[in-house]
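Chain by chain, the residues run as shown.
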Amino acid sequence: MSEPKISMADLEHIAKLARINLSESEKTTFLPQLESVLEYLDVLNQANVDNIEPTYRVNDQKNVLRNDEVVESFDQKTALSTAPKTQDGYFVVPGTIRK
Amino acid sequence: MKITPIIGLEVHVELNTKSKMFCSCSAEHFHVDPNTHTCPTCLGLPGALPVPNKTACEWCIKLGLALGCTPNESSFFERKNYFYPDLAKGYQLTQYEKPFVINGKIKIGDQEVRINRAHMEEDTGKSVHIKDNGQELTLIDYNRCGVPLVEIVSEPDITSAQMAKDYLLKMQQIIRYIGISDADIEKGSMRCEPTVNLKIEDNDQVFYTPLVEIKNVASLTGVQTAIDFEIKRQTEAFKQTGEVKSKNNKNTFGWDADKNQTFLQREKEGSSDYRYFPEPDIPHIEFTKAEIEAIRKSIPELPDQKFSRYQKDFGLNDYDANLLVSDINFSQIFEKAIGQNPTPEMAKFTANLFLGAIKTYLNESQESLDINKINPEYFKNLFDSVTKSEISATVAKQVIIESYHIGQDPVVIAKNSGLIQVSDSGEIEKLAKEVIAANSKAVSDYLKNPASIGFLIGKLMQASKGSANPKLAKEILEKLLN
Ligand SMILES: [Zn+2]
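Taken in sequence, the protein lines are chains W and R. Position one of the first sequence corresponds to residue 1 (the numbering used here), numbered consecutively onward. Position one of the second sequence corresponds to residue 1 (the numbering used here), numbered consecutively onward.
The shape of chain R in the complex, shown without the other chains:
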């Protein structure tokens, strides 16, 4: 029996526009007093007229273009009707027949996931469920209601939980690169609903298990665990019941992050139950070719392009290039540090500092780098000193952090702290003689096994407080001992 998971992802991204999608209320809703950013439009009061936010529409198209989508010549909003208190109007304004953009793709390693569409819609209010004297009540805050939301729908081209995670990370990177949202899954500004089923091949027969849409996944690990759980559950269910996909058996499952399992949530309303129809109060939206081209031009260098450039221009390997481009802020700071037209050697040296000492330091201190405190001249000086063997690679790692903190040239710091590498053979010879005298056991070890010289070099480096040129130290020790 051969089992291939078929996974599609719906991703919702909250745009960080100033105002809401169809009214001029502030779109801020995180840590804001409930129901303080509302108006007749987002409360669904009679007679209110929705007017789309132009920036939000442009950003939806911008994201679409970044994903290789084609814009529709003419788009319009539709009402998706369902009765639920987090949406006071009784319908959500969204796009159905004519989304802003269609048919894109995302590259994940050497695989590709096709994007079906990206469309513009509005977020719903937030619900808080409480119990009051044994009675179940729901409290509603409409501050989030009407906040611009872009939904990106993939084709079911994803074949594993890991690939789903990679897809989301890539989507998050692209969104952050173009700066339209912070795309934070934990904070809810990026949400994901996987739809999962299985293709089961058994003795020349092919079966497809019923589709399951998973809701309430609130973290990246959650997405992975939920998909893996669902693959196992469907495999077992198929073995027991043999039930296959039909028109009417798509189900919605919720994800329970505490129990690490999915559970049947409700029978999903079929799309005809939403009774979509064009919103009569919002005229069609048509961007001209020139406007689309202007949006296209405003897209910055994207992660894939940056990745190729780092490899081509700086000779960075896959792993390093990937780490540098994965975070837009980090890569911007790196690019400032290497300065204009750096040599590949200089870029590589700086990349090593960023991915080594600087990253380690940031992880330990939980700090984040301030781009304004980065001085490309300092990095250049440090590179030159290391190239000339004035400063050892170890010292470079040390002084770069201090340099960042106190805003001083790292080479000056090294000089002031006596960390300039000693390449004076007389000085080193003196230290070497002391080390040989003090470590007779290690010396006799060395005479039996020359590979054990590392110990003596270590002692010498220690005695020089790390300032001896290690290559020279080795040469001198060998000369004295042979």
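In isolation and in its complexed conformation, chain W is listed as follows:
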């Protein structure tokens, strides 16, 4: 078995960035799961990519742009229709004011 790919500190950091609260038991469940995913992907690290330009996409499309024209948007009701909570035409989320 090689070096662990992910530490508990990494896991907690990622959870924090995603604004997810994990319980202790979730953490001990997810850590080996993430570890095995990363191990699986580690096969990519075996490929020799010296002197190879990064591939950003597999087709050679470029310049897919649109002209600056306005098309009708959702009406307010449709825009808000999938929101769990709304008020006066706004989406409502838990307070995000930074203290």
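These aren't lab readings, by the way, just hints derived from the structure by calculation. Be careful, since some hints might not be right.
Which stretches of chain W does chain R cover? Using the computed rule of at least three CB atoms under 8 Å from a CB of chain R, they are [to be verified]:
{"id": "1", "region": "14-23"}
{"id": "2", "region": "70-77"}
{"id": "3", "region": "86-96"}
Built from N, CA and C at the ideal position, the CB exists for glycine as well.
Using the hints provided, position chain R with the ligand relative to the given structure of chain W.
Positioned in the frame of chain W, the structure of chain R with the ligand alone reads:
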């Protein structure tokens, strides 16, 4: 101890395109009902595909070229991942590795600030924070989400709050000259985040204080006060703790405009925390050399060029030339007024009217000039009359405003109001005799002190209702009194 502030500015400018950056929703969001300009793309709904707005990309390059930047041959968008409700997708589309343009500069007086890059990205939604039964809630309006935003990043070449202000004013001028945004700081279409630290030299030792990025500065004065505050705060902090810049101690401070102070906002996420990666749904963008040249050609005369031209062609001084070019609308109206191929004298005369009487009038009335009401012929006639001493400079200032309002030749207005300068010496002599008779005290003052003749000239001008040629008035008074 020698302290040198090191200041870099990130400026965000909202482009005034018709539609958003990656979808065809209207980009209008000021005074619009919330969430009425949204679609699957800007709401981040599953399966939506972003397609970049070509005009916005061209405008970003146009601004870059105006700032002396070099376009990248190939650019692409990347996802900047962070989880925050004002951006429904969970990431912002921006440019990281390959921005549209890099390496420019802005001239401020005889100093230069290097521009690192200008890149294209999307704005976020607007948040309104409320309290509902003691519970803190945030209301989100996604109308602004996805509006095209250009970010211009300077190198840390700015060394004072005043220089930062000058940089922003110059940036604002250039943006308005090329007409891609109204760049209004108070309205939020131009935003600025200064990053400040200090170089402290003490007994042959050099220290750098930790970097601080200041957020929420919403006015030009705010930028200045916030930077000055931060310079003082960091100086004190260094004296107390001696803490110096390291890899991990960059902080984000908020600006509290009510208390006039900065406060620690949050530990900033390091750029690796944003986990940038190329947006797989948007192919690379490559403008051809010909397309870049066409964009370059579409750039109008910029403030610096106009400034030099006004000095060279019209002999205007630094101060006047600067005032005229600082506002694109004002300078366009001035140029219409002087007409085609004006003589330097004519241009200078008109510049004086614009910077004197007209500016004073606009400041007092809070009006703005309508370029369609400007008739170059009127300015030419007025100039000719003043040159021939038919109209005094004082009367010219008066009639030009009236002429603008009623659309009549200012010389005709002056004639009709009896304001044509009297250069008839007989007429003036008559008035002079009356003035001398009525002001014996002033006459005896004059005989003791010839410099006091101004009083008598003033009386004579008054008696002529401002129409006497003052030079002639002085000569005649002197002749009669000696
Ligand atoms: Zn949209």
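Check your understanding: Where does the structure disagree with the numbered hints, that is, which hint numbers, in rising order?
Key -> none
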